[in-house]
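Top to bottom, those sequences are chains F and D.
First residue of the first sequence: 1, per my numbering; consecutive thereafter.
First residue of the second sequence: 1, per my numbering; consecutive thereafter.
Treat the hints with care, since some could be wrong.
As the list claims (entries may be wrong) - Below, a list of computed lysine to aspartate or glutamate pairs in the EDC-like style, where the Cα atoms sit at most 20 Å apart: (1) 269(F) x 274(D); (2) 19(D) x 74(D); (3) 279(D) x 64(F); (4) 109(F) x 129(F); (5) 92(F) x 11(F); (6) 92(F) x 146(F); (7) 265(F) x 230(D); (8) 279(D) x 74(D); (9) 241(F) x 260(F); (10) 97(D) x 71(D); (11) 269(F) x 352(D); (12) 181(D) x 273(D); (13) 265(F) x 273(D); (14) 271(D) x 260(F); (15) 269(F) x 48(D); (16) 122(F) x 174(F); (17) 271(D) x 238(F); (18) 271(D) x 146(F); (19) 205(D) x 240(F); (20) 92(F) x 172(F); (21) 269(F) x 209(D); (22) 271(D) x 214(F); (23) 202(F) x 230(D); (24) 205(D) x 272(F); (25) 265(F) x 344(D); (26) 241(F) x 88(F); (27) 58(D) x 74(D); (28) 271(D) x 205(F); (29) 202(F) x 273(D); (30) 271(D) x 40(F); (31) 21(F) x 88(F); (32) 271(D) x 129(F); (33) 245(D) x 260(F); (34) 265(F) x 274(D); (35) 205(D) x 11(F); (36) 279(D) x 214(F); (37) 245(D) x 272(F).
Just so you know, the hints here were simulated from the structure itself, not pulled from any lab data.
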Amino acid sequence: MPMSTREVLLEVRNLNVTFGKGKNKFQAIRDVSFEIYKGETFGLVGESGSGKTTIGRSIMRINEVTGGKILFKGKPINGQISKDWDREITQKIQMIFQDPMASLNERAKVDYIISEGLVNTKKYKSDADRLEKVRNALLEVGLLPEFASRFPHEFSGGQRQRIGIARALVMEPEFIIADEPISALDVSIRAQVLNLLSNLQKQNDLTYLFIAHDLSIVRFITDRTAVIYKGEIVELAETEKLFSNPIHPYTRALISAVPEPNPYKEQAKTIEIYDPSQHNYEMDPPSFVEIEEGHFVLANEEEISRYRATFTIGV
Amino acid sequence: MENNNEKSRILSIQNLIIKFKLRGQVLTAIRDISLDLYKGESLAIVGESGSGKSVLVKSIMGLLDKNGYIDQGEILYKDYNLAKFSTEKDWLKIRGKEIAMVTQDPMTSLNPLKTVGKQIEECVVLHQGLKGKDAYNQTLRLLTDVGIHDVEKRYKQYPHEFSGGMRQRIVIAIAVACNPKILICDEPTTALDVTIQAQILQLLKNLQEKYGLTTIYITHDLGVVAKVADRIAVMYAGDIIEVGKTHEVFFNGKHPYTWALLSSLPQLGAKGEELYSIKGTPPNLFNEIKGDAFAPRNPYALNIDFIERPPFFQVSETHFAKTWLLHSDAPKVEPPQSLQGFFEEGRRYAHEY
């Protein structure tokens, strides 16, 4: 499918996020731009401290944006916006958190946890309607409706994560930010939650921003992936392209570091190490360039010609 | 497992049963495990949380929680039977000196009020008997060994001045400072980033060679296992259900649970299709388990799996699996379709290397 004809659901344009003031100023996000198409799963990978969560939180409007714009369905979601639009965004953009042990209110029953968003936005007609919505949300994530009257501590990690997903679903969102939704779960539960997420995507026509550090999972679930390093996106491409043909040295290092479940390969493998000083950006500052269709990389002119050269040979 | 001539046994666990008293009930966490550890090897113990892998190694270190006890069996190390140890004084002969441990979270395993140098030196003084200048120099050497630069300055710094990866290096330095024979690494890289993880695993491998360590890795990441392990023991519900050389378990696994674990790897999944997931939940260890513990979740289960517990069947000289499917009377069962390609690939590699 040609990219240009696809509907853009969310657009991040020259996003800058700075924390602190004066001496303690820290630029967490530097001039980040990307688009997320409707119906796709967009992956954001990077190490801890790279700023991937900050981007997610900026879209959720938890972190204040210092510069740049975030557009949802073409309309800005930051700054001065109308009350109706504000309410609509609150409902349409939902989040699934990393740690299901910490993200559920221990003192509230599942019923309350799931319907809190509904209550806040008054998105139900009667109490019976609200209970019906909670019931459906629970069924959708594969839990029993009876669980509504229980407390979070009565559930296992995987079940709690399902409650977290139900809480997002009940708002009937279009866009879900999943911040490391399975990294706190056990191996066998991971597969279940991943399957659940992709089934829900098909059924409810959802768009995901999938934030993770585990590249093997990103490769499996995302359509396109952006690699972020120290607050900058260094490479963005269709996931398969990115993994089969990584260009930026950081991406290459990151992919080479992922352990594969193959003892022969793994024990013979050498790991590439990324050295940021290899770039000569003082004289020749880098820009975000499209090197082939839909494949962007952060590079300066000299690097681009070098990357292009290796590209045409097909190394 | 008896006739492994090339390597000598360093630790031997025999018919070990560990129970916990919990709210008036008794939970059996380890159900009759026998396992040998050979000198110089690195063994990986894999399994889900709750499978008992941490309990098993804690019992080797004498670190079981107060309500846990060894009900039966022996843990033989040198001339000691660790299962019979009861006092702290006994354990001090083993802990650190003979068997040391690297834990999961480097954020919580260091003392925040002491410089890292002092923390390492403590071990050097206690276990290597060095004093003053000698101990200091040995500490600096250890810091260099674990890949820390500018050691004299780093010696004086506190844990909060180090990143997660660097802290894990310090923890490793402390473990190695005791000059142990066996190093247990309990999820050593779970809290770390992939690039750092790769470095730490490489470091552990190098140290193993340099100091002639025998290592036990506990992990649920099969990628990590592939990188570091010579042998794998797969645990399920307090039992070792398959054990063998790494490539044997990966590419010629016999137990359906091993198949299930491998199949649920995202690397083996096809994009856009369902990823294989194990149905149901692990058994409740408060109840007595009859037959093969995995049987209720096992699509290949035979009738006998629900009645009698399978013994170890021998696959090769080094490879054993506890499944009735290997019995000569069992029907022939092929591993799941999704794994055939993976096994095939493994066999190809086996020829190349």
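Status of each hint after checking the structure:
{"no.": "1", "hint": "269(F) x 274(D)", "in the structure": "violated, 30 Å"}
{"no.": "2", "hint": "19(D) x 74(D)", "in the structure": "holds, 14 Å"}
{"no.": "3", "hint": "279(D) x 64(F)", "in the structure": "violated, 43 Å"}
{"no.": "4", "hint": "109(F) x 129(F)", "in the structure": "holds, 18 Å"}
{"no.": "5", "hint": "92(F) x 11(F)", "in the structure": "holds, 15 Å"}
{"no.": "6", "hint": "92(F) x 146(F)", "in the structure": "violated, 27 Å"}
{"no.": "7", "hint": "265(F) x 230(D)", "in the structure": "holds, 14 Å"}
{"no.": "8", "hint": "279(D) x 74(D)", "in the structure": "violated, 35 Å"}
{"no.": "9", "hint": "241(F) x 260(F)", "in the structure": "holds, 18 Å"}
{"no.": "10", "hint": "97(D) x 71(D)", "in the structure": "violated, 26 Å"}
{"no.": "11", "hint": "269(F) x 352(D)", "in the structure": "holds, 14 Å"}
{"no.": "12", "hint": "181(D) x 273(D)", "in the structure": "violated, 46 Å"}
{"no.": "13", "hint": "265(F) x 273(D)", "in the structure": "violated, 26 Å"}
{"no.": "14", "hint": "271(D) x 260(F)", "in the structure": "holds, 17 Å"}
{"no.": "15", "hint": "269(F) x 48(D)", "in the structure": "violated, 27 Å"}
{"no.": "16", "hint": "122(F) x 174(F)", "in the structure": "holds, 18 Å"}
{"no.": "17", "hint": "271(D) x 238(F)", "in the structure": "holds, 13 Å"}
{"no.": "18", "hint": "271(D) x 146(F)", "in the structure": "violated, 34 Å"}
{"no.": "19", "hint": "205(D) x 240(F)", "in the structure": "violated, 32 Å"}
{"no.": "20", "hint": "92(F) x 172(F)", "in the structure": "holds, 7 Å"}
{"no.": "21", "hint": "269(F) x 209(D)", "in the structure": "holds, 18 Å"}
{"no.": "22", "hint": "271(D) x 214(F)", "in the structure": "holds, 16 Å"}
{"no.": "23", "hint": "202(F) x 230(D)", "in the structure": "violated, 42 Å"}
{"no.": "24", "hint": "205(D) x 272(F)", "in the structure": "holds, 17 Å"}
{"no.": "25", "hint": "265(F) x 344(D)", "in the structure": "holds, 14 Å"}
{"no.": "26", "hint": "241(F) x 88(F)", "in the structure": "violated, 35 Å"}
{"no.": "27", "hint": "58(D) x 74(D)", "in the structure": "holds, 14 Å"}
{"no.": "28", "hint": "271(D) x 205(F)", "in the structure": "holds, 18 Å"}
{"no.": "29", "hint": "202(F) x 273(D)", "in the structure": "holds, 12 Å"}
{"no.": "30", "hint": "271(D) x 40(F)", "in the structure": "holds, 13 Å"}
{"no.": "31", "hint": "21(F) x 88(F)", "in the structure": "violated, 32 Å"}
{"no.": "32", "hint": "271(D) x 129(F)", "in the structure": "violated, 37 Å"}
{"no.": "33", "hint": "245(D) x 260(F)", "in the structure": "holds, 17 Å"}
{"no.": "34", "hint": "265(F) x 274(D)", "in the structure": "violated, 26 Å"}
{"no.": "35", "hint": "205(D) x 11(F)", "in the structure": "violated, 45 Å"}
{"no.": "36", "hint": "279(D) x 214(F)", "in the structure": "violated, 24 Å"}
{"no.": "37", "hint": "245(D) x 272(F)", "in the structure": "violated, 28 Å"}
Hints 1, 3, 6, 8, 10, 12, 13, 15, 18, 19, 23, 26, 31, 32, 34, 35, 36, 37 from the earlier list are contradicted by this structure; the remaining hints agree with it.
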